[in-house]
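Trainee: Listed below are the residues making up each chain.
2 protein chains.
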Amino acid sequence: MSDGTQYSVGFVGIGLIGGSLARALKNSGFASSVSAWDRDADALEQALKLGIIDTASGSVAALMQTVNIAVLATPTIACESLIIDMLKEPGIAQCITDVASVKGDLYRRVVDAAPAGAAIYVPGHPIAGSERSGVAASDAALFEHHRVILTPDSNTDPLALGLVQKMWAAAGATVQCMGVEEHDNVLAATSHLPHVLAYALVDALAQSPIRDDIFRFAAGGFRDFTRIASSDPVMWRDISLANRDALLSSLDGFCDHLNTLRSFIAARDGEALENIFRSSKSARDEFARDLAMRERGET
Amino acid sequence: MSDGTQYSVGFVGIGLIGGSLARALKNSGFASSVSAWDRDADALEQALKLGIIDTASGSVAALMQTVNIAVLATPTIACESLIIDMLKEPGIAQCITDVASVKGDLYRRVVDAAPAGAAIYVPGHPIAGSERSGVAASDAALFEHHRVILTPDSNTDPLALGLVQKMWAAAGATVQCMGVEEHDNVLAATSHLPHVLAYALVDALAQSPIRDDIFRFAAGGFRDFTRIASSDPVMWRDISLANRDALLSSLDGFCDHLNTLRSFIAARDGEALENIFRSSKSARDEFARDLAMRERGET
Numbered sequence: 001m002s003d004g005t006q007y008s009v010g011f012v013g014i015g016l017i018g019g020s021l022a023r024a025l026k027n028s029g030f031a032s033s034v035s036a037w038d039r040d041a042d043a044l045e046q047a048l049k050l051g052i053i054d055t056a057s058g059s060v061a062a063l064m065q066t067v068n069i070a071v072l073a074t075p076t077i078a079c080e081s082l083i084i085d086m087l088k089e090p091g092i093a094q095c096i097t098d099v100a101s102v103k104g105d106l107y108r109r110v111v112d113a114a115p116a117g118a119a120i121y122v123p124g125h126p127i128a129g130s131e132r133s134g135v136a137a138s139d140a141a142l143f144e145h146h147r148v149i150l151t152p153d154s155n156t157d158p159l160a161l162g163l164v165q166k167m168w169a170a171a172g173a174t175v176q177c178m179g180v181e182e183h184d185n186v187l188a189a190t191s192h193l194p195h196v197l198a199y200a201l202v203d204a205l206a207q208s209p210i211r212d213d214i215f216r217f218a219a220g221g222f223r224d225f226t227r228i229a230s231s232d233p234v235m236w237r238d239i240s241l242a243n244r245d246a247l248l249s250s251l252d253g254f255c256d257h258l259n260t261l262r263s264f265i266a267a268r269d270g271e272a273l274e275n276i277f278r279s280s281k282s283a284r285d286e287f288a289r290d291l292a293m294r295e296r297g298e299t
Numbered sequence: 001m002s003d004g005t006q007y008s009v010g011f012v013g014i015g016l017i018g019g020s021l022a023r024a025l026k027n028s029g030f031a032s033s034v035s036a037w038d039r040d041a042d043a044l045e046q047a048l049k050l051g052i053i054d055t056a057s058g059s060v061a062a063l064m065q066t067v068n069i070a071v072l073a074t075p076t077i078a079c080e081s082l083i084i085d086m087l088k089e090p091g092i093a094q095c096i097t098d099v100a101s102v103k104g105d106l107y108r109r110v111v112d113a114a115p116a117g118a119a120i121y122v123p124g125h126p127i128a129g130s131e132r133s134g135v136a137a138s139d140a141a142l143f144e145h146h147r148v149i150l151t152p153d154s155n156t157d158p159l160a161l162g163l164v165q166k167m168w169a170a171a172g173a174t175v176q177c178m179g180v181e182e183h184d185n186v187l188a189a190t191s192h193l194p195h196v197l198a199y200a201l202v203d204a205l206a207q208s209p210i211r212d213d214i215f216r217f218a219a220g221g222f223r224d225f226t227r228i229a230s231s232d233p234v235m236w237r238d239i240s241l242a243n244r245d246a247l248l249s250s251l252d253g254f255c256d257h258l259n260t261l262r263s264f265i266a267a268r269d270g271e272a273l274e275n276i277f278r279s280s281k282s283a284r285d286e287f288a289r290d291l292a293m294r295e296r297g298e299t
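Protein sequence lines, in the order shown, are assigned to chains X and U.
Heads up: the first sequence begins at 1 in the working numbering, then just goes up one per residue.
Heads up: the second sequence begins at 1 in the working numbering, then just goes up one per residue.
These are calculated hints, taken from the structure and not from any lab test.
Have a look at the derived ranges for each label pair, beta carbon to beta carbon: (1) Pro209/U - Met293/X: 22 to 32 Å; (2) Arg211/X - Asn259/U: 18 to 28 Å; (3) Arg108/U - Gly270/X: 12 to 22 Å; (4) Gln207/U - Ala292/X: 20 to 30 Å.
Chain X stretches covered by chain U per the calculated footprint, using a threshold of three residues with CB under 8 Å from any CB of chain U: (5) 199 to 212; (6) 219 to 230; (7) 243 to 255; (8) 271 to 278.
Some but not every residue of chain X turned toward chain U, in silico, with C-beta under 10 Å: (9) Ala128; (10) Gly129; (11) Ile149; (12) Met178; (13) Leu187; (14) Ala189; (15) Pro194; (16) Val196; (17) Val234; (18) Ser240; (19) Leu258; (20) Lys281; (21) Ser282; (22) Asp285.
Keep in mind that this is a model prediction, so the values were computed, not measured.
Think of the CB as a built atom: it goes at the ideal place given N, C-alpha and C, for glycine as much as any other residue.
When you get a sec, could you build the whole thing from the sequences and use the hints?
Mentor: Structural data, given as structure tokens:
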């Protein structure tokens, strides 16, 4: 896969995702050196101590003077102003990418604010993560056999796109390109909506008069179902707002199906219920088989 | 825990739950012998071959002539008529119990139909299971460090109750008693509602125009969230109908909370969203900690 060329890679924000990618790119030999800037000096210090980065930069502008590839890996809310800074003063960077979970909202604002630099900006989103956060939780294998979506458009520099593809391949990920809107709709359905449902369920139960019994007798199925409600509240606040329109549309579609199920239960229509449960099980079983194959690297 | 007394235990229905309990009671020495009847002759044959049971009975009535403890472990839909048969001709049984996930509906019908035998009937529900089913998937450790809810009432024979408690303790479970209605409300909230939500979500996504992309890019969080949608459709049809009222009430409570979340997203109210996400995370983290301790046998 690799042609042996090495790149100087810089991270703006070095937490779970940035740290994991930095480790993977060092391990694979893709990165000749890794530098980072983070507004949290402790995170930078920790990344240096752990050997995840070679150099801590004093500012975004200073970082951009020294790197071939710049990766923005901050929380969603900080992305917009930082990526504009990066695009306005790209330094020697051949490509600039990010890892934000919502792409459309960000991309439209960035292109308006810094049209000149937009060509080397390749919006990206690795479909991988963890309930844990912070650079100490980073893991070189986080992206192995995982997918990364890139959302270039007709203005994107093909060389910049190629370089970002090569970087993610070096981290063990499979890269796929799609349109910005398609990305946001897919992520609303598979990730943002389930998070909202899990938060809403735990919220409803935590406020129930039988709360104590509920949590005392809930078991493994409930733990799996609500795992994503243990995710970072600030991150999910920002994602919910950034992908507001796609999320609301996905939520309304879900509620239509839920209301149909409700009406079948109310009407004691066992046949209709069983049909829905059966086709859902079949779709979910197929998905789980495909995902297991993907994780074993078989697809 | 055990006083060394051994009991002859009989199962009406020998699938995942019956088979797992049979294995556990043999391993612990609680059962001197295990017999079973099942309307599926193949399941009985398999249970004999695997050494899970010692004897296959030709009928429920024949089984009841030979056992001290009778356990009904069939799918929900078959429970009512079988438990009535068992209570009408209890043979030498000192107690009769079941493992159905919904208790109120069944109990009311059974007590009406066979009031004489109702005193030795101790309704039970082990909070343990698996997406797999059938006697071949049975596991002696299935109930270890899991909870079992019993729902006796003022008419229940204390000796029968004591014997059922002792049986579950021998299988490694922690037994707790509560009222029938409380049980059904707790289970609606922690198990039945999450199943309906998972089925509804997969149903909605499977019928989406971007279905292929959705399943291609869904990842581990989605797998956990939808795992319960891989459960047996017939079993969940029956549970949904048997616990209809508690389930609908739990579903409506959830929808109120979901609608509140929706309105905050629509209004871009980040602070209100964050507050809900934060308190949900805190409740869910606490639950997960408690469950982990329980599973390690620390509570």
